[in-house]
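Participant: Input sequences plus hints: build the corresponding full structure.
Chains as they are written, first to last, in the UniProt record's numbering: chain A, 1 to 255; chain B, 1 to 263.
Read the hints as simulated data drawn from the structure, not as lab findings.
Since the model is a prediction, treat every value here as computed from it, not as a measurement.
The C-beta atom is built at its ideal place from N, Cα and C for all residues, glycine as well.
Treat the hints with care, since some could be wrong.
Said to hold, decoys possible - Just the calculated beta-carbon pair ranges, DEER-fashion:
(1) Ser121(A) with Leu55(B): 49 to 59 Å
(2) Phe5(B) with Gln73(A): 54 to 64 Å
(3) Arg67(A) with Phe5(B): 52 to 62 Å
(4) Arg160(A) with Leu249(B): 50 to 60 Å
What the hints assert, rightly or not - Derived list of chain A stretches under chain B, where covered just means 3 residues or more per stretch with a C-beta under 8 Å from a C-beta of chain B:
(5) 45–59
(6) 66–73
(7) 78–85
Next come the chains, spelled out residue by residue.
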Amino acid sequence: MSLIAAHRLSIRLGGAEVLTGVSMSVAAGEIVTIVGPNGSGKSTLLRALLGILPSAGGEVTRKPGLRIGYVPQKLHIDRSLPLTVRRFLSLPQRRSEAEARTALERVGVPEVRERQMADLSGGQFQRVLLARALLTTPDLLILDEPTQGLDQPGEAAFYRLIEEVRSETGAAVLMVSHDLHVVMSASDRVICLNGHVCCQGTPRVVSNAPEYRALFGLGTQGALALYQHSHDHDHTHDHAHPHAHDHDAAEHDHV
Amino acid sequence: MFDDFLIRAALAGIGVALAAGPLGAFVVWRRMAYFGDATSHAAILGVALALASDLPVGLGTLAVALLMALTVSSLAARGWAMDTTLGVLAHSALAFGLVAVSFVPGVRTDLSAYLFGDILAVSAADLVFIWGGAALVVALLIWRWSALLTSTLNEDLAHASGLDPDRERLILTLALALTVAVALKVVGALLIAAMLIIPAAAARGLARTPESMAVLAALIGGAATLGGLQLSLLYDTPAGPSIVAAAALAFAASATLGKLRRT
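Facilitator: This is the structure we're talking about:
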């Protein structure tokens, strides 16, 4: 059973249909990445799954009692709002000192506890956001372009952290990313979105799919080669499948 | 020593400061300064309508301020260009209010009481209204504090935490209308927004957490009330503007202190 799923979901924003007939799901423990060009509805899909946007057709189902940790795309903290990291972690639920310390240590920034949020570097800021999301002991982490504004080493380190968190806590991860290289090496499954689901499957399947190549060109083969040396074990299917019907078959081979 | 009316004035001002300080912090964080202007300028229209229909002024003010706050807040939710919309609404409300007041016989003369406040004429009944309203605002803010703060930070984040940002915005709107109704007698329609923004802005430089900023804003507002009244007593200046001037001096001091500390 999947943790969260969209069934033929359509979303309208300001009169325009941004998403049409999107079906997708995330199973326990897997890392799923949504890729797609700008304006393809990636953030819209996340916000619809979170229940922020009303559906114009189709539905979103969640496993009962599902706990979601969410890291939004842009969190601008106004300079006029004084907010320490410690205080931020307790929003809205109060967290104990021990919980806060553990979460910050987990994401590798225990030293920022008493700093102002507005004074953090980009990497520290994203890690604190992740720490706050982890405090809900989530079954599913939803991250909207979590490495925006990080340099390349920072980005790589952040994705490594997400993978560590997944293997420690067993939380599934659903994220939006721009960086195809990282996507291909750090995801179990990729969903290629452009107003609708163009194709989805394992990174290898997706990067060979004609729909994906039409969107991103052929230049991503290098990324795939990098990816393959560490993931070169059997996948239950190797063909491109343009729609959402049979990805469940691929769920177990990374756990 | 202190005359009775001075004690009432001080109590009235402190009551307003207690509500306006923490609420003002939200006004500053959410960049709602113009929103406060529009709501408080609408109060003059409320005064005119209340006087024309023989209703209590407090009730008329509250009703019209609430209507204006709800209008502005729903326009904001629909994504109107807020700077322009608020500018239009704030000044139209004031203009229509002043025009409407001129139709009510006998008010023309003490219009300045509504524009700049008449804190030295606060009655015991006024005090009950002010402290009742202020207590309600403070209670609302304490009750919803965590949810309000999360929604202020980021509405998506609040949504994902199971909160309803629209409801929190409505609560702030309600608190704002209440504060305007309560503060009209003390600082007047033109300067209510100043009592919201200036103490909170002065507190910003000295605070490390949202809570300390809210408490400091209330304290600075209270101190400004006492300082302004003193000023008014010594130099025979208008009380409401003197209070705001004292708050502005506190802001200048806090900004200077902040700058010194950083260098």
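Participant: Would you mind marking each hint as holding or not holding in the structure?
Facilitator: Hints, one by one, checked against the model:
The hinted window of 49 to 59 Å between serine 121(A) and leucine 55(B) holds, with their beta carbons roughly 57 Å apart. At about 56 Å, the CB distance of phenylalanine 5(B) to glutamine 73(A) agrees with the hint of 54 to 64 Å. The beta-carbon spacing between arginine 67(A) and phenylalanine 5(B), approximately 59 Å, falls within the hinted interval of 52 to 62 Å. Against the hinted window of 50 to 60 Å, the Cβ-Cβ separation of arginine 160(A) and leucine 249(B) comes to about 53 Å, which satisfies the hint.
Proximity of the region 45–59 of chain A to chain B, defined as three or more residues with a beta carbon under 8 Å from a beta carbon of that chain, is established by the 4 residues found. Counting residues of the region 66–73 of chain A whose beta-carbon sits less than 8 Å from any beta-carbon of chain B gives 3, enough to reach three: the coverage restraint holds. Evaluation of the coverage hint for the region 78–85 of chain A: fulfilled, as 6 residues show C-beta separations to chain B shorter than 8 Å, against a requirement of three.
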